[in-house]
Structures are given as C-alpha cells and as structure tokens.
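Between the sequences and the hints, there should be enough to build the whole structure, so can you do that?
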Amino acid sequence: MLKISDLNTYYGVIHALKGIKMEVDKGEIVSLIGSNGAGKTTLLNTIAGVTKASRGKVEFEGKDITNCPPYRMTKMNISISPEGREVFPELTVEENLRLGAYIVKEKETINAGYERVYKLFPRLKERYRQQAGTLSGGEQQMLAVGRALMPGPKLLLLDEPSLGLAPNFVEMIFDMIKEINKQGVTILLIEQNANMALSASDRAYVLENGVVTMNGDAKKIASDPKIKKAYLGLG
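For what it's worth, the UniProt record's numbering labels the leading residue of the sequence shown as 1, then goes sequentially.
For the record, the hints were derived by calculation from the structure and aren't laboratory data.
Some hints here could point you the wrong way.
What the hints assert, rightly or not - 25 angstroms max Cα-Cα, derived DSS-like pairs, lysine-lysine:
{"#": "1", "residue 1": "K75", "residue 2": "K182"}
{"#": "2", "residue 1": "K125", "residue 2": "K178"}
{"#": "3", "residue 1": "K178", "residue 2": "K219"}
{"#": "4", "residue 1": "K63", "residue 2": "K26"}
{"#": "5", "residue 1": "K107", "residue 2": "K125"}
{"#": "6", "residue 1": "K26", "residue 2": "K154"}
{"#": "7", "residue 1": "K219", "residue 2": "K26"}
Okay, here's the thing in structure tokens:
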C-alpha cells in the first residue's frame, strides 16, 4: 500500500533522512521506533508532504505522491494525527471532528463519521459540545485520532499518540489503535513508547540518526537484545 524508496530529506545542511526504504502493506500496523531526534516525525511529515523530500520516492497504492501538498493527502484517503494533538481549543469537540471531514460534502457520510468516532471514543460523545481546549490530554488525543478518522481513510499516520499521557490513557489509546485496524484501516505508527508500539504492531522499523537500522516482525525486534537494552529498558 505504502512504499518508500531511497527517501532523503534535508533541513538546510542537515541530512535528516538518509536513503529510507520501507513498506506498509494493506491491513497492517507498522511501527517506527527510535530515540528523540532519530528522524521519526521528519519521516512522517515527508510522507504527508509537510516537509519536502530532496530525493527518493513515496508511493501510495502504486501512485507517486512524493511532495504532494498535504491537503491532497486527505483526498487520496490518507489521514494524519499529528504529534502534540493540535486540536482547535476554542472549537467544540464536534466542530473539531467536522473539520476532519472538510472534504466530505454528503451529510450521511459525515453523520456516519461522527457515529464511528463516538462509538470508538464514548467520552467524546459525552463532551461533543465542550470546547476542545478544556479536555484532558488523553481526551484531546482521542479527539485528534477521531478527527483523522472522519473522512474514512485507508491509511492512518499516527505520530506519538501516547506522548505525555497517563498510563491508563496510553492503554486506552493502544486498544483503540488495534480496534481501528480491525475495522480495515492500515496504520503507520510513530511512537517513542517502543514496548507498547511493538506489542501492537505486525512489523516494525528502527530508525537511528535518519537511517533504518533494523526491520522485520515486531515480536522478533522486541526480543532482540540490542532493542531491549536501547528502547525497552531491559538487559
């Protein structure tokens, strides 16, 4: 479904991504783990067209989407839930969700989107008239993921969904990630919580200093001694 070939991205003279190669197949949850500054968010932003690639190719369902403007990604059934949630604090929960479906014109489709999100996240239904800025961090993360689901994406890009959340919300968010995947949405997960990411994923890639250093079955990567020591706090 998603294929990345020899992807290179620069920030000025800084070579942030160095020849990235990776694939995400339909129906998978694929995680990308790595330390701060490894290039995880840069990779996601390059896929989404927020950051321009200097060289290489990003393909989605066989179509070259390298450096496509971000607004076109939604029309191609790709959604992103960004790091830091980025909800609109003055707008209500429902208004935030409606913005996620800004390209959708059919009222029935929009209502189906609300129903889907509220079924996944009952707390949002309880607070649909509440301003997003008054929600807790965990509830804002639910809202960010729900907003990304509103247009009915085939591919969902999740950037650090557990960042800054209390443990109970982390568990809840990862349960929802697995449920969203069961509903037929393919997921690329960027996550610093390697333990949770690997346990939820089918396959994984390890990114270090802009280079993929390891990839394969998520459970095998989780059992690798180097990964245990560097990212899981074991060994």
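We went through each hint and held it up to the structure:
| no. | hint | in the structure |
| --- | --- | --- |
| 1 | K75 - K182 | holds, 22 angstroms |
| 2 | K125 - K178 | holds, 20 angstroms |
| 3 | K178 - K219 | holds, 16 angstroms |
| 4 | K63 - K26 | holds, 15 angstroms |
| 5 | K107 - K125 | holds, 18 angstroms |
| 6 | K26 - K154 | holds, 9 angstroms |
| 7 | K219 - K26 | holds, 19 angstroms |
When held up to the earlier numbered hints, the structure conflicts with none and fits them all.
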